[in-house]
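**Student:** Based on the provided sequences and hints, a complete structural model is requested.
Take a look at the letters that make up each chain.
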Amino acid sequence: MTRFLALVPLLLAVVIGGFFLWGLNPERDPNEIPSVLISQAAPDFSLEPIPGVAVPGFAREDLLNNDKPVVVNVFASWCVPCRAEHSVLTNLVEREGIRLFGINYKDKAEDAARWLAELGNPYERIGADTNGRTGIEWGISGVPETFIVGGDGTVLYRYVGPVVGDVAIAKFRAALTQAGVLGTGAS
Amino acid sequence: MTPEVGHFALALALALALVQSTVPIMGAAHGNLLWMRSARLLSIGQVIFASVAFGALMQAFIVSDFTVRNVAENSHSLKPLLYKIAGTWGSHEGSLLLWVLILTVFGAGVSLFGRNIPEATKARVLSVQAWISVGFFSFLLLTSNPFDRLFPPPADGNDLNPLLQDVGLALHPPLLYFGYVGFSIVFSFAVAALLEGRIDVVWARWVRPWTLAAWVSLTAGIALGSWWAYYELGWGGWWFWDPVENVSFMPWLLGTALLHSAIVTEKRDAFKSWTILLAILTFSLSLLGTFIVRSGLLTSVHAFSVDPERGLYILMLLALSIGGSLLLYAWRAPSMEAGGLFKPISREAGLLMNNLFLAAATGIVLFGTLYPLFLEAVTGEKISVGPPFFNSSFVPMMLPLVFVLGLGPFLSWKRADLAGVFSRLKFVGLLCVIATLIFAYLTNGGPVLAYVSLLLAFWLAFTTCREWMLRIRLFDVSFSDALRRARNLPRAAHGMSLAHLGVAFLMFGIIGSSAWKSEEVVFVKPGSSIAIAGFDVSFQGVNRVRGPNYIADRGILVVERDGQYVTTLYPERRSYPVARSSTTESAIRSTLAGDLYASIAEPAAEQEGTTGAWTLRILYEPLVNFIWIGSLMLVLGGCLSLTDRRLRVGAPKQAKLPPNVAAAE
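Protein chains in written order, with the UniProt record's numbering: chain V, 1 to 187; chain P, 1 to 665.
Simulated from the structure, these hints should not be mistaken for lab results. Please read these numbers as outputs of a predicted model, since none were measured by experiment. Careful: at least some of the hints might be erroneous.
Chain V residues, not near chain P, derived (Cβ > 10 Å throughout) [unchecked claim]:
(1) PRO9
(2) GLY17
(3) ASN65
(4) ARG95
(5) ILE169
(6) THR177
One side of the interface only, derived from the structure: several residues of chain P facing chain V at Cβ under 10 Å [what the hints assert, rightly or not]:
(7) ASP269
(8) SER273
(9) SER284
(10) ILE292
(11) LEU297
(12) LEU315
(13) ILE322
(14) ALA333
(15) PHE374
(16) LYS426
(17) VAL428
Note that beta-carbon positions come from the ideal geometry of N, C-alpha and C, so glycine has one too.
**Tutor:** Right under this line is the structure:
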């Protein structure tokens with residue numbers, strides 16, 4: 001009996017050690033929170049245009065039957081990083097010809113209109129998500145967030161936070177290339 | 001050049017450790033005195049070379065030598081000097097170097113101060129200690145060389161995380177490591193005893209000062225870390241049951257058990273194999289902590305950069321040291337003869353209860369910490385285990401422990417008279433109830449558990465004081481007589497009373513700040529005002545101020561109570577342009593009764609009508625300072641006990657230990 005009891009600590013240590021060995025698997029990232037939307041159809045929504053802005057509203061139908069994947073950006077005039085991100089997105093639209101749609105998250109119409117008038121409007125369509133309902137449908141954790149949506153309306157990629165700075169831009173461009181929006185070797 | 005010297009010193013230290021891991025223990029086996037004695041020089045050599053390596057790294061940090069990768073990644077030329085120095089142990093490599101330095105310090109400590117330990121035992125202990133050294137020196141050299149060069153060198157460093165630019169960081173890890181690694185020598189003593197197949201009263205006496213020293217440092221390290229999180233990180237709490245906190249807490253719990261079980265082994269020659277097991281497990285949990293923090297196994301707010309290769313190496317070290325020692329234990333422990341017998345009601349039984357509760361509490365913390373990993377491995381589901389689990393399972397373990405803790409010192413060895421003890425404590429019990437009722441009247445409502453805990457905290461405080469008074473016979477004999485008795489009382493006895501009283505103080509702080517804490521999170525604009533815990537706080541606005549390497553928004557909060565001006569608080573939100581990150585500097589008005597604590601965050605404008613408003617968080621934490629006072633008492637109690645005559649190195653043996661007054665009654 002004593003002999004067996006003296007073995008118990010060793011046995012427990014071996015079991016715990018086994019779990020550790022499993023946990024060290026390099027593929028495993030304990031900090032990663034998987035996004036449920038990836039490879040799923042984009043959520044259903046239909047947003048009115050922002051009063052005083054020249055582009056039309058934005059709904060799920062606009063994401064269907066596109067011949068190339070498009071980019072959906074969630075932004076707001078009160079969001080400071082969005083201001084920095086704006087020039088990056090404008091660049092992508094003007095130089096690379098990507099198609100950009102906007103969801104204006106919890107914003108006041110006049111603030112959003114002034115913001116777009118000041119910085120320019122790279123968006124093809126903008127939906128006014130005044131109550132934040134559509135943001136919830138998309139599962140955003142903050143503003144800005146940017147999605148790449150396939151021609152059939154499937155969410156391909158999600159970027160959390162502003163696409164600002166070399167690292168972030170390179171990462172986002174890589175995702176665009178992989179989705180087939182940008183040609184390889186395009187600068 | 002200096003980095004290469006450091007690198008070379010590390011390699012030399014490893015070479016010495018290799019010799020020390022074999023020669024002295026072979027000497028002990030063959031009775032070769034010269035071989036056994038070689039451990040002395042070898043262990044001192046190790047500490048010298050480890051210090052040279054550590055000094056070389058520190059020099060690289062001080063002069064901002066960005067050709068060293070570790071410096072480039074973790075320092076910046078604009079950083080204040082103190083934080084450059086502290087940066088030495090801020091990274092994975094540097095902190096590991098500190099880790100092995102402390103390991104060698106403890107080894108050299110035994111060879112320098114352990115004059116009363118027989119040569120053969122000392123040789124075995126030091127060889128076992130060198131096995132651990134070999135493991136960690138090779139880990140450093142093979143996977144985490146702190147002296148790696150970088151070419152071309154960057155123009156400037158990457159800054160240290162501004163969160164870590166704090167005096168707390170300069171002291172917290174070294175103290176914590178002294179505790180963690182200090183248990184290594186106790187582990188070595190245990191393994192040496194198992195190899196030798198003999199453990200007796202003197203063994204327990206050799207081990208005691210090292211256990212105490214490690215325990216004191218660990219206590220101070222944990223308390224300082226908690227204090228740091230509370231005051232500097234602006235988290236608004238002092239304990240979060242985060243995995244990294246838990247892994248430092250587990251060795252503390254088990255080390256506390258070890259401290260008490262070793263007393264039984266020393267005084268009564270009992271609990272031998274249990275004490276050995278605790279010694280092994282305490283250090284195993286320290287190693288586990290080192291592993292978890294550095295392997296990225298669990299999600300935590302504070303962890304080093306993650307590298308699976310390193311994780312695998314430490315896991316291998318863990319398997320060898322923990323697996324090997326437990327195997328040795330399984331083989332040798334059953335043959336150890338049991339010592340002194342005792343009745344179910346006795347000092348021994350009290351200490352056994354203490355050990356069982358502490359061990360069970362450690363098990364709970366271990367399970368809660370690793371459960372997310374277990375679950376993910378078995379079902380793939382990802383969860384995190386938070387405070388609700390720990391509070392509801394850990395607290396019930398602690399409350400009976402506190403009851404026994406108050407009672408234990410009144411019990412005599414071998415056989416105690418429980419009815420007699422209780423009848424002597426009638427008055428004390430009554431006092432506890434009265435004190436709790438007064439407190440209940442003052443607080444005017446609160447959770448039942450808080451009042452139960454409070455009753456027990458009073459019980460512990462009063463019984464501890466009563467026991468100390470009985471020992472020196474305060475009020476029984478003349479005051480000068482009592483003073484003389486207090487002087488003659490072994491310092492370990494004073495230390496025990498102080499530490500136990502510290503636990504009671506700690507409890508007051510924990511109970512007060514968890515049960516009666518108030519918190520408000522509000523959007524404020526200049527001119528708005530909030531009422532909390534009897535205070536009226538009005539927000540005057542925000543100033544922009546400039547620090548040495550940051551820019552801060554400083555909020556101005558005027559605090560009043562019943563219309564009387566109390567104080568002005570200046571919480572800050574600092575942003576560090578180089579590190580591109582920001583920190584919260586909370587403002588605190590601290591009194592013994594409680595802390596009023598404020599922090600602010602960027603203007604929030606997510607909702608309508610809050611444009612331009614700041615997020616203000618205000619907390620009132622009653623009695624929270626008792627936590628730090630209690631921790632300080634624990635540390636001082638441990639230090640007092642460490643200076644006890646019978647542990648003092650080189651002190652001539654006393655003819656007879658002073659009689660244990662309480663036990664003799």
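**Student:** Work down the list of hints and note, for each, if the structure agrees.
**Tutor:** Here's how the hints hold up against the structure:
no., hint, in the structure
1, PRO9, "5 Å, violated"
2, GLY17, "6 Å, violated"
3, ASN65, "34 Å, holds"
4, ARG95, "27 Å, holds"
5, ILE169, "16 Å, holds"
6, THR177, "27 Å, holds"
7, ASP269, "18 Å, violated"
8, SER273, "7 Å, holds"
9, SER284, "7 Å, holds"
10, ILE292, "9 Å, holds"
11, LEU297, "5 Å, holds"
12, LEU315, "6 Å, holds"
13, ILE322, "5 Å, holds"
14, ALA333, "5 Å, holds"
15, PHE374, "6 Å, holds"
16, LYS426, "41 Å, violated"
17, VAL428, "39 Å, violated"
Hint violations for this structure: numbers 1, 2, 7, 16, 17, all remaining hints satisfied.
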